[in-house]
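As a plain string of letters, each chain reads:
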Amino acid sequence: MTALLIIIVAALLGITIWQISKIFKLSQPIESDDSQIANNEDNQKQGKLFLVFTVFLYGLMIYSFWSLSRFYAPGASSHAEDYDQLFFISLGLIMFVQVIIQFLIHWFAYKYRGKKGQKALFYADNDKLEFIWTIIPVITLAALIIYGLFSWSEIMNVEETDDTLVVEIYAYQFDWRARYSGADGTLGEANVRFIEGVNQLGLNESDPYAQDDIITSELHLPVDRPVLFKFRSQDVLHSAYFPFFRSQMNVVPGMTTQFGFTPTTTSKEIRNSDYMVEKVRNINEIRKNNDNLDEDEKSYEFEYYLLCNKICGSNHYNMQMKIVVETEEEYQKWISEQQTFKELTAQN
Amino acid sequence: MSVAAQPLANDHAHEEGHHEPTFIEKYIFSTDHKMIAKQYLISGLIMGFIGIAMSMLMRLQLAWPNESFWIYEVLLGKFGKDGVMDPSIYLALSTIHGTIMIFYVLTAGLSGTFSNLLIPLQIGARDMASGFMNMLSFWLFFISCIVIVSSFFVEAGPASSGWTVYPPLSALPQAIGGSGLGMTLWLVAITIFVASSLLGSLNYIVTVLNLRTQGMTMTRLPLTIWAFFVTAIIGVVSFPVLLAAGLLLLMDRSFGTSFFLSDIYIQGEVLSYQGGSPVLYEHLFWFLGHPEVYIVLLPALGITSEIIATNSRKPIFGYRAMIASILAIAFLSTVVWGHHMFVSGMNPFLGSVFTFTTLLIAIPSGVKAFNYITTLWKGNLQLNPGMLFSIGLVSTFVTGGLTGIILGDSTLDINVHDTYFVIAHFHLVMGISALYGLFAGIYHWFPKMFGRMMNKNLGYVHFWITAIGAYGIFFPMHFIGMAGLPRRYYKFTEFPYFDDLADTNILISVFAFITAAAQLFFVYNFIHSIFYGKKAEQNPWKSNTLEWTTPVKHIHGNWPGEIPKVYRWSYDYSKMNKEDTDYIIAGQDFVPQNVPIQDNEEEMNE
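Heads up: the sequence lines are chains P and E, in that order. With this note's numbering applied, the first sequence corresponds to residues 958 to 1305, in that order. With this note's numbering applied, the second sequence corresponds to residues 10 to 615, in that order.
With the rest of the complex left out, here is chain P (with noise of 0.2 Å):
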């Protein structure tokens, strides 16, 4: 990879110094026509030229999805399939749009390339064709439409059932906690003006829903259970994004905000995919090689992560925090172990 790039820039370096070159020569004043207008043999040349380009340009397309589609992160929740699909069909209609066309613009600069002696088609008006691409359009964005409002509608709209799982993502700068309800199920009553001390969150301490609430610094979720997130910020705007579960939604002060998915792949699952084996085999090949990590940075394991995805401060680029799917013995197990409200509380 390295080595293409220093390919590349060399290349583009040569180019440039080859065009500086030609243009000291022609700006000599040699030449009888220095007009400044573009003269047949300029026509000639920049035609060419925009087939060369025509070559760049379906090159590096043809390289970035070569090379960096793989980058496409694996969904791991039981709407990203239904999205990838929805994404991968928009794609690969918007490629093929873009091949055909790229390559008539390009084309018709070159082929149409004044020469002289040569006229140009006085065309003004074709009501027909016009009507043609303003219908086709009409109908595919149309299909788009029905098909991205019925993904939308169906991700959005989270039906609360008794096997929801309820939690709380609260941001603030710049770290993340989760709010688990605890037995009762439901979460206590919280406001940014009980915060004090350990009661980090705000809650009320009076609410007895409160009470066994459990508050952590990592997520875990149970596999194949519906999660419903529930959104609070205790400053400014974040972003809590999901990339792996396809999800996403800001974090507001002054309200809350929420979204559902439902985690299809354990961490442990995920982390034996081949995508992944071969992802992360590459990752801890450059961090072997990177001489700025200590020792017992490199070597990385994969997890899930949130992160967070609007402007929010200076320290905006790490705010992250793990997230573990796992069975929903494994889950109950680490939820059993964790500290209620109540007992942070009384601890203090």
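None of these hints come from the bench; they were simulated from the model. Heads up, some of the hints might be wrong.
[Unchecked claim] Stretch-level coverage of chain P by chain E, calculated; a stretch enters the list once three of its residues show a Cβ under 8 Å from a Cβ in chain E:
1. 990 to 999
2. 1062 to 1072
3. 1100 to 1111
4. 1158 to 1172
5. 1282 to 1296
Yeah, the Cβ is synthetic: ideal placement off N, Cα and C, and Gly gets one too.
Using the hints provided, position chain E relative to the given structure of chain P.
Just chain E now, kept in the frame of chain P:
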């Protein structure tokens, strides 16, 4: 300007009732639209230089995040101590880069320059409806430039909450240093900017409606004028809403109101704000913010329409469809703002509505793109630098526009919202495209502005390196966005998962440096040609529009004699006579608008 009001009037100034303008009158407080256009252009270009330089610092940081560069200390002072960039100044750079490029370069620099230059010249008017208001508009803009640049010299740094300045981050100095005096200056600068923009826009609208020369019906206007006219209308509709949002934000910051703030606990203390909503601010901001995209883009498309038609030696294809698309885009642009807010916490039903309106915009945009391509078809393309940039614009407009179909779909937006996918999308469709429009306009109308030609070979080099670089930067960027790389991150090394994207980031940065360096060809060419360029002839591109009927030397009032009358639309290129034996004017493939309909020609159905 009256002679009596001129205290310095010297003897010969009284001859024939007008006087030689003094240096100050001519170059500084000028009311002549051509001079004001040049003032806008040069201020805009200087702001562009600053804005692009900022992006270079950001690209340097993103490519080699953990290394130190002395340039940071030189340019950023204490924010780059020991050559290490401070995280908050990174956010400030991205904020001011966005603000400068969008408002100062692509709104004022593009629209201000070419609306001022071309509206009177192409509609056949002696000047703008109000020369004084026009001058005022420029000077307000200039003051605004000074204020925004000066915010870099404030103790705690300039505004750092992104160019959208969402509260509460932008309202609370406790949240980030830049939200103190730096943010106040940002608000002051933008307030002055809005005033400047409104004065300018109202002037453009009045001028186009009232001062068209005889025979210049609305359906004979060149598409440039249509674009500037509609842009001005969008500006008048949407900029006041930004002003309102800015004023409310100012009150929240300074007078303790709670329009946008509620329930905030920061740095160990609960603030008294109660009942406001940041989402309200987002609505107000994007009610300007989205139309702003078209305020930036439409003038570029107008300029391209004119340049492509002229250099293809063909009429623009589907003139009326082009006008209809401009109007449709203008209308739709005011009802799509919510697509910036799909995951803001607003009602998901609104998301559906905005998806619908947003994807509708693809239709008129598509019509425009197809019409450009058909205009190229079977043309006799004169590949001047302005033409190359125009073709480049069509290309980047299509590439960038297509990814809008993904971002405009509320479902798909969930996972790419605020990632580099968005950065790639809007830089291509709006940033690069509008800059291409600006460059195309400069190369094309340079002879009109400065009476000299720009060097074409330098122009070619400028175009090709820029074209390669722009795609090299922004095409791969989509893919790191799809990987979930968030925007406005100072560095990505806190997430080992992103380690394998580092190479791509370096690639992007290298392309960015090369592209930025290529702009120096333009800078040199621009400055050199002003003084030493080849003297221009009256109509170098053999164009039909009225500005090329004015003498090369600028005179107040534009035409020495009577204002020309208009008899036809501006696109009679390569039109044949009735017998189809030769062009209408034998041996000349264009018929300027001021040439009466000839006996041997079929009249277009107007």
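A quick look at each hint next to the structure:
For a cut-off of 8 Å, the count of residues in the region 990 to 999 of chain P with a CB near a CB of chain E stands at 6, and the three-residue condition holds. Coverage of a stretch by a chain is defined here by at least three residues with a beta carbon nearer than 8 Å to that chain's beta carbons; for the region 1062 to 1072 of chain P and chain E the count is 8, and the condition holds. Evaluation of the coverage hint for the region 1100 to 1111 of chain P: fulfilled, as 7 residues show C-beta separations to chain E shorter than 8 Å, against a requirement of three. For the region 1158 to 1172 of chain P, the stated coverage by chain E is not satisfied: 1 residues place a CB nearer than 8 Å to a CB of that chain, which falls below the threshold of 3.
Check on the region 1282 to 1296 of chain P: 0 of its residues sit with their Cβ under 8 Å from a Cβ of chain E, so the three-residue criterion for coverage is violated.
Against the hints set out earlier in the document, violations occur for numbers 4 and 5.
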